[in-house]
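K.L.:
Here are the chains, one letter per residue:
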Amino acid sequence: MIDAINTKGLETAAHPENLRRVAIEPVSRVEGHGKVTLLLDENNRVQQVRLHIVEFRGFEKFIQGRPFWEAPVMVQRLCGICPVSHHIAASKAMDMIVGATLTPTAEKVRRLMHYGQMLQSHALHFFHLSSPDLLFGFDSDVAKRNIVGIAAAYPEVAKQGVLLRKYGQEVIRVTAGKRVHGTGSIPGGVNKNVSLEERDYLLKDIDQMVEWSKGAVGIARQLFEQNLDLYNGFGTFKSHTLNLVRADGAMDLYHGGLRARDMDGKVLFDHYDYRHYWDEIFEDVKNWSYMKFPFLRSLGPETGWYRVGPLSRVTQCDFIPTPLANQARDDFMAFNGGSATGATLGFHWARMIEMLHAAELIRELLHDPDLQGNELVNIGQRQERGVGVIEAPRGTLIHHYKVDEHDQITRCNLIVSTTHNNQAMNEAIRVVALQYFDGREITEGLLNHIEVAIRAFDPCLSCATHALGKMPLEVEVLDAAGERLSSLSRSSDGAVCTLV
Amino acid sequence: MVAPVLIFAIGNESRGDDALGPLLLRELDAWLKANGLSDQFELLEDFQLQVEHAMDMQGRQLVLFIDAGMDTRAPFDFYRAQTSDTPVLYSHALAPEALLKVYAQFYQESPPDVFILCVCGERFELGDDVSLQAVKRLALAFEFGKKLLHTPEVAAWDGQCMQKSMGELMSREDNSRVPA
Chain E
1 MIDAINTKGL ETAAHPENLR RVAIEPVSRV EGHGKVTLLL DENNRVQQVR
51 LHIVEFRGFE KFIQGRPFWE APVMVQRLCG ICPVSHHIAA SKAMDMIVGA
101 TLTPTAEKVR RLMHYGQMLQ SHALHFFHLS SPDLLFGFDS DVAKRNIVGI
151 AAAYPEVAKQ GVLLRKYGQE VIRVTAGKRV HGTGSIPGGV NKNVSLEERD
201 YLLKDIDQMV EWSKGAVGIA RQLFEQNLDL YNGFGTFKSH TLNLVRADGA
251 MDLYHGGLRA RDMDGKVLFD HYDYRHYWDE IFEDVKNWSY MKFPFLRSLG
301 PETGWYRVGP LSRVTQCDFI PTPLANQARD DFMAFNGGSA TGATLGFHWA
351 RMIEMLHAAE LIRELLHDPD LQGNELVNIG QRQERGVGVI EAPRGTLIHH
401 YKVDEHDQIT RCNLIVSTTH NNQAMNEAIR VVALQYFDGR EITEGLLNHI
451 EVAIRAFDPC LSCATHALGK MPLEVEVLDA AGERLSSLSR SSDGAVCTLV
Chain L
1 MVAPVLIFAI GNESRGDDAL GPLLLRELDA WLKANGLSDQ FELLEDFQLQ
51 VEHAMDMQGR QLVLFIDAGM DTRAPFDFYR AQTSDTPVLY SHALAPEALL
101 KVYAQFYQES PPDVFILCVC GERFELGDDV SLQAVKRLAL AFEFGKKLLH
151 TPEVAAWDGQ CMQKSMGELM SREDNSRVPA
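Protein chains in written order, with my numbering: chain E, 1 to 500; chain L, 1 to 180.
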């Protein structure tokens, strides 16, 4: 195992006025506004590192006053990356509002939709967003380190990525009714089943998707094997974890109770009813960041932060209830004495295990006759509060609404996966800064190391912003008086230039 | 058999003028239907472009992307999307030019002729209505779009281009003029 690197003190430097400031803005291949600032002393020693994320702040205004039954459709417009996750989380919250217990058909159609989303999102991230770093190297030629470079050097990898992504989108289209703005999931159930014709259409390619997913797990393992020290140690830190698990401890991405473990694996709470999540999870505010910092109440804001997402889910469940993914999990857990289970780059391997799990579940569900059932909606006693929680591709996603007697939404609160991981991402880049930056001159390749650490979490801030590619990547080195000594810039077309 | 012309709108209707693409698509759809021209066209929309959208382009003679723009030519711009050798930074979303590269790599063939109709927008925050300026520009873009769809031929569309490519525009002026 890698020894933990002490990042204490790197959130806020003792004497920032005497330090040079380096900013990475924006963080590429990450949605939204992401910016990293580093303060360095005169010897290029790292004194302060922060990831600033401009979190979406207008959601309440956007959704308040609307009738609750609109929410599952409207929330898809929050994010062009994971609309289905918001669609399903909001639907689960609205199930509570209408007092529903889902019919088997409704739950299975929703699950199918969710696994389609998981498959396509994980495929996109691994094959197209992260593979340039992983296959070419973190400081390889920036001109090649992109999707086009991958397509040229590894055409089969790129092709599989496109087709896995396309297949997941087709699962979504079939279950949600449309490619975008789907309406399939509604309060209390779904508005369509999966016809035999649709089932057969999806069955046609699912075996291939499972095979490719297996292959992707193999690629992730191979990356670790080929460069064990790098992959084990890069940006690695210890943290608490949070995720949903099924009643029997199995991985369940759609529903379950909350499980939190401390950084040594001790269970802090288990099978906790997420309808009262606020009793266990609270959000801290820091004056230097727009994004909140969730923490476990029992541990407090300083030490109670945690990590969500594929790495937490794969390592913290007791088993995965599909055979190939479970075998892959066993291999992952046993690899090199378990070193990958705490590694920041272990996210990629865990993500591929989940992709395999999703593909297996899709295949399993497609053979389930309940998908063709006609009992689609079940309504019960109306409630005023609804909480929906799912495990979205990037981690735990919480939707919480209050609805008045006129069926209008009066309050809502969202905690998205990227917010859960806010402190964890900060920790990762602090470790990387200490590992790679301390005392060295800044280069584009070095800066990309910071981005690689952030991308391991696959943060999605599409909810936060809209414009893409507008801002260049800029690094400024300032002297103690705030005067610019030099600047490194990566423009939106990828060109890097140094200004003095 | 796919329709020879694909019209693909990009945008989110809940983000102010980002709705311009989907709104224009709907107006053109209604016009095509009213004039019995729908058979030649397939109309699609999404929040943003992604790798799998390259597959929607296969077998087309012409592709038209409709998008809103930030700080772009007003009331709208029309140009041909070019595959260039310049590396393209990417994220969870792709520019049409990057999609052309994905297409070429994926199918090992040249992509179809692709054009972009970019309508200038003013505000893009979640929950914003479409701005008054954008509504006026939408009407003008609709008239222009009808003209394009009336003659869905490469030479005719080339003749309507206001510039050669967005890449050329960006290198000539500044890099803030990008489709939203």
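Take the hints with a grain of salt, since some may be wrong.
[Claimed, not checked] Interface residues of chain L toward chain E, partial, derived using beta-carbon atoms under 8 angstroms: (1) E45; (2) D46; (3) F47; (4) Q50; (5) F106; (6) E109; (7) S110; (8) L126; (9) G127; (10) D129; (11) S131; (12) Q133; (13) V135.
For the record, the hints were derived by calculation from the structure and aren't laboratory data.
Since the structure is predicted, the reported quantities are computational estimates derived from the model, not experimental observations.
We treat Cβ as the ideally placed atom computed from N, Cα and C, and that holds for glycine.
K.L.:
Is the interface hint for D46(L) satisfied, with its Cβ closer than 8 angstroms to some Cβ of chain E?
P.N.:
With a minimum Cβ separation of about 5 angstroms from chain E (threshold 8 angstroms), the hint on D46(L) holds.
K.L.:
Does the nearest C-beta of chain E fall within a distance shorter than 8 angstroms of the C-beta of E109(L)?
P.N.:
This interface hint is violated because 13 angstroms lies over the 8 angstroms limit.
K.L.:
Does S131(L) pass the interface hint, meaning its C-beta sits closer than 8 angstroms to a C-beta of chain E?
P.N.:
violated, 14 angstroms
K.L.:
Quick one, is the V135(L) hint okay against chain E at 8 angstroms, beta carbons?
P.N.:
violated, 19 angstroms
K.L.:
Identify whether the interface hint at D129(L) stands, where standing means a beta carbon of chain E within less than 8 angstroms of its own.
P.N.:
violated, 12 angstroms
K.L.:
Hold the hint about F106(L) up to the distance rule: shortest CB distance to chain E must be less than 8 angstroms.
P.N.:
holds, 6 angstroms
K.L.:
Take the shortest C-beta to C-beta distance between E45(L) and chain E; is it under 8 angstroms?
P.N.:
holds, 6 angstroms
K.L.:
Minimum Cβ distance from Q133(L) to chain E below 8 angstroms?
P.N.:
Interface hint status for Q133(L): violated (18 angstroms vs cutoff 8 angstroms).
K.L.:
Interface hint check: L126(L), Cβ to nearest Cβ on chain E, cutoff 8 angstroms. Holds or violated?
P.N.:
Since the shortest Cβ distance to chain E is 5 angstroms, the answer is holds.
K.L.:
Using 8 angstroms as the Cβ threshold, decide whether G127(L) counts as touching chain E.
P.N.:
holds, 4 angstroms
K.L.:
Would you settle whether the hint for Q50(L) is holds or violated, based on the nearest Cβ-Cβ distance to chain E being less than 8 angstroms?
P.N.:
holds, 7 angstroms
K.L.:
Holds or violated: the hint that F47(L) contacts chain E, with Cβ atoms closer than 8 angstroms.
P.N.:
OK, holds: F47(L) within 8 angstroms of chain E, min 3 angstroms.
Hint compliance for this structure: hints 6, 7, 10, 11, 12, 13 are not met, and every other hint is.
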